[in-house]
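Now for the letters of each chain:
There are 2 protein chains.
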Amino acid sequence: MNKQWILSKFPVGEIKEGDLVLHDSEIPKLIDGQILIKNIYLSLDPANRGWMSGQKSYVDAMQLGDVMRGGTISIVEDTKSEKFEKGDIVNAMGGWQEYCVSDGKGIRKIPLNTGFKLDSFMSILGMTGMTAYFGLLDITKPKAGETLVVSAAAGAVGSIVCQIGKIKGCRVIGIAGSQDKCDWLVNDLGIDGSINYKTENLREKLKELCPSGVDIYFENVGGKNTEIILSRMNVNSRISLCGLISGYNSETIVPGPAWGNLLVKRINLRGFIVFDYIKRYMEAFQDLSTWMRDGKIKYKNHIIPGIENAENALKKLFNGENFGKLIIEVSKDPTL
Amino acid sequence: MNKQWILSKFPVGEIKEGDLVLHDSEIPKLIDGQILIKNIYLSLDPANRGWMSGQKSYVDAMQLGDVMRGGTISIVEDTKSEKFEKGDIVNAMGGWQEYCVSDGKGIRKIPLNTGFKLDSFMSILGMTGMTAYFGLLDITKPKAGETLVVSAAAGAVGSIVCQIGKIKGCRVIGIAGSQDKCDWLVNDLGIDGSINYKTENLREKLKELCPSGVDIYFENVGGKNTEIILSRMNVNSRISLCGLISGYNSETIVPGPAWGNLLVKRINLRGFIVFDYIKRYMEAFQDLSTWMRDGKIKYKNHIIPGIENAENALKKLFNGENFGKLIIEVSKDPTL
Numbered sequence: 133m134n135k136q137w138i139l140s141k142f143p144v145g146e147i148k149e150g151d152l153v154l155h156d157s158e159i160p161k162l163i164d165g166q167i168l169i170k171n172i173y174l175s176l177d178p179a180n181r182g183w184m185s186g187q188k189s190y191v192d193a194m195q196l197g198d199v200m201r202g203g204t205i206s207i208v209e210d211t212k213s214e215k216f217e218k219g220d221i222v223n224a225m226g227g228w229q230e231y232c233v234s235d236g237k238g239i240r241k242i243p244l245n246t247g248f249k250l251d252s253f254m255s256i257l258g259m260t261g262m263t264a265y266f267g268l269l270d271i272t273k274p275k276a277g278e279t280l281v282v283s284a285a286a287g288a289v290g291s292i293v294c295q296i297g298k299i300k301g302c303r304v305i306g307i308a309g310s311q312d313k314c315d316w317l318v319n320d321l322g323i324d325g326s327i328n329y330k331t332e333n334l335r336e337k338l339k340e341l342c343p344s345g346v347d348i349y350f351e352n353v354g355g356k357n358t359e360i361i362l363s364r365m366n367v368n369s370r371i372s373l374c375g376l377i378s379g380y381n382s383e384t385i386v387p388g389p390a391w392g393n394l395l396v397k398r399i400n401l402r403g404f405i406v407f408d409y410i411k412r413y414m415e416a417f418q419d420l421s422t423w424m425r426d427g428k429i430k431y432k433n434h435i436i437p438g439i440e441n442a443e444n445a446l447k448k449l450f451n452g453e454n455f456g457k458l459i460i461e462v463s464k465d466p467t468l
Numbered sequence: 133m134n135k136q137w138i139l140s141k142f143p144v145g146e147i148k149e150g151d152l153v154l155h156d157s158e159i160p161k162l163i164d165g166q167i168l169i170k171n172i173y174l175s176l177d178p179a180n181r182g183w184m185s186g187q188k189s190y191v192d193a194m195q196l197g198d199v200m201r202g203g204t205i206s207i208v209e210d211t212k213s214e215k216f217e218k219g220d221i222v223n224a225m226g227g228w229q230e231y232c233v234s235d236g237k238g239i240r241k242i243p244l245n246t247g248f249k250l251d252s253f254m255s256i257l258g259m260t261g262m263t264a265y266f267g268l269l270d271i272t273k274p275k276a277g278e279t280l281v282v283s284a285a286a287g288a289v290g291s292i293v294c295q296i297g298k299i300k301g302c303r304v305i306g307i308a309g310s311q312d313k314c315d316w317l318v319n320d321l322g323i324d325g326s327i328n329y330k331t332e333n334l335r336e337k338l339k340e341l342c343p344s345g346v347d348i349y350f351e352n353v354g355g356k357n358t359e360i361i362l363s364r365m366n367v368n369s370r371i372s373l374c375g376l377i378s379g380y381n382s383e384t385i386v387p388g389p390a391w392g393n394l395l396v397k398r399i400n401l402r403g404f405i406v407f408d409y410i411k412r413y414m415e416a417f418q419d420l421s422t423w424m425r426d427g428k429i430k431y432k433n434h435i436i437p438g439i440e441n442a443e444n445a446l447k448k449l450f451n452g453e454n455f456g457k458l459i460i461e462v463s464k465d466p467t468l
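The listed protein sequences derive, respectively, from chains H and B. Count along the first sequence from 1, add 132, and you get the number used in this note's numbering. Count along the second sequence from 1, add 132, and you get the number used in this note's numbering.
The hints are simulated quantities; they were obtained by calculation from the structure and are not laboratory data. There may be inaccurate statements among the hints.
For chains that are exact copies, the list does not tell them apart, and a pair is met inside one copy or across any two.
[Stated by the list, open to error] Listed next, the in silico DSS-like pairs over lysine-lysine satisfying Cα-Cα at most 27 Å (straight line):
(1) 188 <-> 337
(2) 188 <-> 339
(3) 447 <-> 428
(4) 273 <-> 249
(5) 161 <-> 356
(6) 428 <-> 411
(7) 411 <-> 430
(8) 273 <-> 241
(9) 411 <-> 273
(10) 428 <-> 249
(11) 135 <-> 170
(12) 275 <-> 148
All values reported here derive from a predicted model rather than from experimental measurement.
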């Protein structure tokens, strides 16, 4: 039997009980060309909320009755495809379930002899790392000596952006929502300063920590803090627009900041979606894995066991309760 | 004697009587290195409102008691500078006054034997044309076959943007605020369609006129229409942020559109200020003057005689009463 989370209502505002329903189903028999994968790790990401909205965006909308969509690291349990062998470890959109039958499309094998732990392929060496890498380097082209401000800086993507910024010689200031996270950013990741937006005056602290203004803003959050950050940005500064988590649970469209600062400061703002960089993942993988081996970059995964906990875990993302990349351990990691 | 408009209060909201005061002063005697210029044409631009705000932006803030700042075409009446001769026609920041004494800094001579009328150097061959040229071509890099939407399309900058868009092979849709303007855009300038945002349903008309979505949006206006335009934009589309006239008279900061569309559509938005392109003006001048000679581009100036009318004329910009580039004829054009 296969435990699955089914999208049964499009959530309005925060995800409520009954929007997703846990359900047991039988695993269908494989036909030629198919594989059966068993999910090991399931990625929980802010973008998941958008996929549940019933609206097409950069991916097709989910339909009611679908298994909740999600990225996984999985192991091939059975195969009727020539492309996969039993025991292959793969990256897949295996969904919120224990098992998934697939025709193999979009499934990539993970190399096993790299010396990196398997869960790192779900964070720093996976989509999360790619998002940070291309979102910072390709979109904003940071130069040594520039000041980079990152929101949700202790989050999965933000914490990697911060460290890549340091590697590139930037002054890096991170914004986060707890003292623990702020301390970790400065003491463990070695960034130049952090701001607890819940307890500190963001405007004053930005002035203090960014005496030469802000050259690059990496946006994960949106909401009222963005306006304040815009007011500290420099002429010809850049914004990488990666996420807007503060608004994802909103029942109405939240207006954005006024565009006046974008105009008079000639700001270049670009939205991006990591999937657009799929052909360049190797480039990021090589740099990120080298930095990992050299001890220049760290990652933190927040792993919660049990597929049955996925719904409650996802909610943590929106109130900031997670600390590091949020992952569900669906089944025991066979490489440990 | 020299009639001058003096900034005597920083306007709050709309410009009111008494914010600017007309005043007679004596013309000071020249000292070595100075020139006396007599203003012929005075440029009225949306940006003037920002200069009066008392806030530094991309230029220093004006102080109370200053002569109102403005770009002019002027003639050298007297000179104690080796760089200028009596009778030279120049481009200057001559201000809202009849005469101006200057050390010559930032003043450029206008070539007289080009065959172009002098007032064209205040619009299509001046700052207005440069703004349209670089704001469209450098910021958005239009490709043939793309759909370009322009707000304030019948305005000084907008009407040139529309025509450059056509020259580059775009499908061009202009948004304007009267039927006269809309008709002129289509019938005289030859763009593909126009929308009267005051009487038509912008959302519906955009859908009808931009069946393949919007690839480029040239923003002169801001306000609630922008959100609607964003909803019709394509993946990897671009926004050139040139102006936000709808908010310039606002007493409070008007929020902008939500950033969600910028993100999921990977929109590249860039603010710009024409002064940043000063070293490349020749490039624009050559193209624009060639297009003028070849009859590919037209301009429309709205010329109001009399420096005493400058304040009332400026107000026309904000309620859309002008039709074409708004210019005060301060003194008789000696080349006519």
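Against the structure, the hints come out as follows:
1. 188 <-> 337: between (39 Å within a copy, 22 Å between copies)
2. 188 <-> 339: between (40 Å within a copy, 17 Å between copies)
3. 447 <-> 428: neither (31 Å within a copy, 58 Å between copies)
4. 273 <-> 249: neither (30 Å within a copy, 44 Å between copies)
5. 161 <-> 356: neither (51 Å within a copy, 54 Å between copies)
6. 428 <-> 411: Intra 25 Å, inter 42 Å, cutoff 27 Å: intra-copy only.
7. 411 <-> 430: Within one copy only: 25 Å inside a chain, 45 Å across chains, cut-off 27 Å.
8. 273 <-> 241: Neither. Shortest intra-copy (31 Å) and inter-copy (39 Å) distances fail the 27 Å Cα cut-off.
9. 411 <-> 273: Classified as both: same-chain Cα gap 19 Å, cross-chain 24 Å, threshold 27 Å.
10. 428 <-> 249: Close inside one copy (17 Å), not across copies (64 Å); limit 27 Å.
11. 135 <-> 170: Answer is within; shortest intra-copy Cα gap is 11 Å, inter-copy 84 Å.
12. 275 <-> 148: Classified as neither; 44 Å inside a copy, 46 Å across copies.
In summary, the numbered hints that this structure violates are 3, 4, 5, 8 and 12.
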